[in-house]
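Asker: Okay, here's what each chain looks like letter by letter:
Protein chains: 2
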Amino acid sequence: MACELCDENGGDVLWRDERCRVVQVDEPGYPGYCRVIWNAHVKEMTDLSHDERAHCLEIVLAVEATIRELVNPDKINLASLGNMTPHLHWHVIPRLRDDPHFPNAIWSAALRPAQAAGARIPLAKLRAALAEKLAAAGKPSIS
Amino acid sequence: MACELCDENGGDVLWRDERCRVVQVDEPGYPGYCRVIWNAHVKEMTDLSHDERAHCLEIVLAVEATIRELVNPDKINLASLGNMTPHLHWHVIPRLRDDPHFPNAIWSAALRPAQAAGARIPLAKLRAALAEKLAAAGKPSIS
Chain A
968 MACELCDENG GDVLWRDERC RVVQVDEPGY PGYCRVIWNA HVKEMTDLSH
1018 DERAHCLEIV LAVEATIREL VNPDKINLAS LGNMTPHLHW HVIPRLRDDP
1068 HFPNAIWSAA LRPAQAAGAR IPLAKLRAAL AEKLAAAGKP SIS
Chain B
968 MACELCDENG GDVLWRDERC RVVQVDEPGY PGYCRVIWNA HVKEMTDLSH
1018 DERAHCLEIV LAVEATIREL VNPDKINLAS LGNMTPHLHW HVIPRLRDDP
1068 HFPNAIWSAA LRPAQAAGAR IPLAKLRAAL AEKLAAAGKP SIS
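Taken in sequence, the protein lines are chains A and B. If you count the first sequence from 1, position 46 lands on 1013 in the working numbering, and the numbers rise without skipping. If you count the second sequence from 1, position 84 lands on 1051 in the working numbering, and the numbers rise without skipping.
Hint data in this document are derived by calculation from the structure and do not stem from the laboratory. Heads up, some of the hints might be wrong.
For identical chains, the list gives no copy identity; a pair is met inside one copy or between any two copies.
Taking lysine-lysine and the DSBU-like style, the derived pairs with C-alpha atoms no more than 30 angstroms apart in a straight line are [said to hold, decoys possible]:
| hint | residue 1 | residue 2 |
| --- | --- | --- |
| 1 | Lys1042 | Lys1010 |
| 2 | Lys1010 | Lys1106 |
| 3 | Lys1100 | Lys1010 |
| 4 | Lys1042 | Lys1092 |
| 5 | Lys1106 | Lys1092 |
Just chain A, same shape as in the assembly (with noise of 0.2 angstroms):
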């Protein structure tokens, strides 16, 4: 069965490794919006060993660290839903008060339309922090 996720990257990546990657998610009103990808085609996160999902999870907080660092949010969203794309995922989401959908669920209907002021994190910016937060804990690139 042809799946996205296996097929492409999913985004600009910011980082990657053997095991997953991050990508910038270019959504509007959403500056610093990521997710963290498995490379291999996995459904659910107890698919995964223990050490595959600790490192999964250590990826995804390192994320949500370096983007309450660079975006200073109200509030982080974390999740991995995958109904459409059941190809292991997880939404980071740094949310704002004046956001389109806050303090509902972004995959609520919008309450406003979004800020063109938050527009997008440049894309070096956020793999230079990324990678250094990473780097700090000892997960290295392979890009």
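Could you slot chain B onto chain A? The hints should help.
Answerer: Quick look at chain B alone, frame taken from chain A:
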């Protein structure tokens, strides 16, 4: 500031230790839906120590494993949002193709009514399955 997850359990408690608790969520159409709630008032995962993060996520994934065995869902959805209640809690949601929102997130508009058939898993059954899973993982309940 008043916090409902500081003041109340947030549902029927299935399992509890010194650091967190698992409660059953009474949501029509979502049998097996549980939340893992951190006991202390903490906002984000990265506000926890590394040991606490690992503990929290081990509980979340033990709940996932237990629900998969009991419900055999088409997908598991995991999410830590907390925009309205910024007290760390995880949603562990078994998704079925005929549930009210599939394949969309449960925070979107419902697509169909809840099936009465899949009403609720008996509390005692869920509690026993979870206790067994967590005891096997070296995570005894204190309740």
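Asker: Against each hint, give a clear statement of whether it holds in the structure.
Answerer: How the hints compare with the structure:
Both within a single protomer and between protomers do lysine 1042 and lysine 1010 lie at most 30 angstroms apart by alpha-carbon distance, with minima of 27 angstroms and 8 angstroms respectively. Taking identical chains as interchangeable, the C-alpha atoms of lysine 1010 and lysine 1106 lie at most 30 angstroms apart whether they share a chain (23 angstroms) or sit on different chains (25 angstroms). Within a single copy, lysine 1100 and lysine 1010 get their C-alpha atoms as close as 27 angstroms, and across copies as close as 21 angstroms, so both meet the 30 angstroms cut-off. In this homomeric assembly, lysine 1042 and lysine 1092 come within 30 angstroms of each other (Cα to Cα) only inside a single copy, at 21 angstroms, whereas the closest approach across copies is 35 angstroms.
Taking the shortest alpha-carbon separations for lysine 1106 and lysine 1092, only the intra-copy value of 18 angstroms comes in at or below 30 angstroms, while the best inter-copy value is 41 angstroms.
The structure meets every hint from the earlier list without exception.
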